[in-house]
Amino acid sequence: MHSGHGRAKRTITLAALAGLLAAALFLALSFWQNWLWFAEPEPVLSVAMPGALSENCAGCVLDSDLPDKLEARMRQLLAADGQLLAWYKLAGRTGQPPAVTSDLALALDQIYYGQYLLEQGRRKDFTQWWSSFQAGWIAPDGSCRISRGDSEADMSQDGLRTQLALARLLAQSVSVWPDAARYRQLADLSDWLLPRLSGAVPTDSLAAVPSPAPILDPGATPTPKPQVTPSPGAGPARELAVLRLASVDLFALEALVQVDPAWQIVYDDYLSRVEAGYLGDSLPLYAWAWQPDSDGYLPFAGSVPAIDTCEALHVVLHLCEAGRAPAKSIAWIRAQLFNQSALYTSYHPGQGTPVDQAECLAAYALAARIARMTGDELLYRSAVDRLLWHLATSQTSPAFSAVFRQADDGQVFVWARDNIWALLALR
10 MHSGHGRAKR TITLAALAGL LAAALFLALS FWQNWLWFAE PEPVLSVAMP
60 GALSENCAGC VLDSDLPDKL EARMRQLLAA DGQLLAWYKL AGRTGQPPAV
110 TSDLALALDQ IYYGQYLLEQ GRRKDFTQWW SSFQAGWIAP DGSCRISRGD
160 SEADMSQDGL RTQLALARLL AQSVSVWPDA ARYRQLADLS DWLLPRLSGA
210 VPTDSLAAVP SPAPILDPGA TPTPKPQVTP SPGAGPAREL AVLRLASVDL
260 FALEALVQVD PAWQIVYDDY LSRVEAGYLG DSLPLYAWAW QPDSDGYLPF
310 AGSVPAIDTC EALHVVLHLC EAGRAPAKSI AWIRAQLFNQ SALYTSYHPG
360 QGTPVDQAEC LAAYALAARI ARMTGDELLY RSAVDRLLWH LATSQTSPAF
410 SAVFRQADDG QVFVWARDNI WALLALR
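Going letter by letter, the sequence shown gives residues 10 to 436 in the working numbering.
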């Protein structure tokens, strides 16, 4: 009896030790995997998705399978190694020159596609996209590379646009599908961006501005006096570093306030700069860029007086997203689509007339997003109808169902950016 009692006691002791060991292992595993009590609290953000389909304009959507076909064709032509390449050039009519696919991939294209997946609620596709994007495009400091092959991100070219587009996407995705890892990525990006935008204003382009013509000094006229009075010509062009107003994603700046309140001052500052770039009621759009050294605005790039429609409408879109919809600008967009049935790539700043007859494809998608935010179904329909006119309809064309552009020399291109913006407008 005594021996049996001892064995039972030892068995109970061993079982208790095994239980304690199992509990310790479970606690260690929970700590390692962030389970249960050790799990990071899910971040709480409330960031809207302005321009996406909403009750504000329930009819602002294309009720057909065209967007699905467009996405499938875009991916067929441009998807490679888990990313979208920038463009595809169709072969000539006789097969010569042959078809060519760009070897360049742009981060903005990837981010805009991720935004489309998010707005469509395709969580599985978004998660897969993010995993691939994070692995290939995020730098160790939390910023985003600009294009495939860049060694580091900076504020040149589309650097600022890329960082802010990623900040917007991360804030929106964490708001819809809370995720501690994506929030940490957003916080890292916020920390990287804040000192670059709260100090000296970054520039993202160079503007070629003609130097003032020389002023002749009559007292310095050579002897004998020339028979023809010389007329001063323009001096050599100067290059000025500028910040393009379309690069300032006001909605992203406002969303970052939820990550760090220090962004509020930055948002207020850039909002005032953007709104001050209004060109005037004769052409109620916005200047191309702001020049920090002179604290002045450049209406257009270079010496040719032509307002870049895509850039200007991006500014209007950003103001709408920030709840600062410029009524006169929207009225101008409506007038162009209703009266001229088109939005052209550039307009004369004084006359308000098209500089050429090339249409701005992205402008139709931007106008459609603006229409959703303002609840203007008629404007949406007008913009989408013109956008669909630029879809390839020949079933024998490699670009069938995709948005295409035809160059002056007749070559046909399918650009990722055009097609992603079309998806953002149609769905």
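Please keep in mind that the hints were generated in silico from the structure rather than gathered at the bench.
A few of these clues could be false.
Using C-beta positions, here's what the derived DEER-type ranges look like [unchecked claim]: (1) Gln85 x Ala340: 33 to 43 Å; (2) Ala148 x Ala271: 21 to 31 Å; (3) Asp150 x Gly289: 37 to 47 Å; (4) Leu30 x Gln85: 30 to 40 Å; (5) Leu75 x Pro301: 42 to 52 Å; (6) Gly101 x Glu64: 39 to 49 Å; (7) Gly208 x Glu386: 40 to 50 Å; (8) Gln85 x Glu386: 41 to 51 Å; (9) Ala81 x Ala271: 37 to 47 Å; (10) Ser140 x Ala340: 38 to 48 Å; (11) Asp77 x Leu387: 21 to 31 Å; (12) Ala367 x Gln85: 39 to 49 Å; (13) Asp150 x Leu34: 33 to 43 Å.
Where is the CB? At the ideal position from N, CA and C, for every residue including glycine.
Comparing the hints with the structure gives:
| no. | hint | verdict |
| --- | --- | --- |
| 1 | Gln85 x Ala340: 33 to 43 Å | holds (40 Å) |
| 2 | Ala148 x Ala271: 21 to 31 Å | holds (22 Å) |
| 3 | Asp150 x Gly289: 37 to 47 Å | holds (42 Å) |
| 4 | Leu30 x Gln85: 30 to 40 Å | violated (55 Å) |
| 5 | Leu75 x Pro301: 42 to 52 Å | holds (44 Å) |
| 6 | Gly101 x Glu64: 39 to 49 Å | holds (48 Å) |
| 7 | Gly208 x Glu386: 40 to 50 Å | holds (44 Å) |
| 8 | Gln85 x Glu386: 41 to 51 Å | violated (32 Å) |
| 9 | Ala81 x Ala271: 37 to 47 Å | holds (44 Å) |
| 10 | Ser140 x Ala340: 38 to 48 Å | holds (44 Å) |
| 11 | Asp77 x Leu387: 21 to 31 Å | holds (25 Å) |
| 12 | Ala367 x Gln85: 39 to 49 Å | violated (27 Å) |
| 13 | Asp150 x Leu34: 33 to 43 Å | holds (36 Å) |
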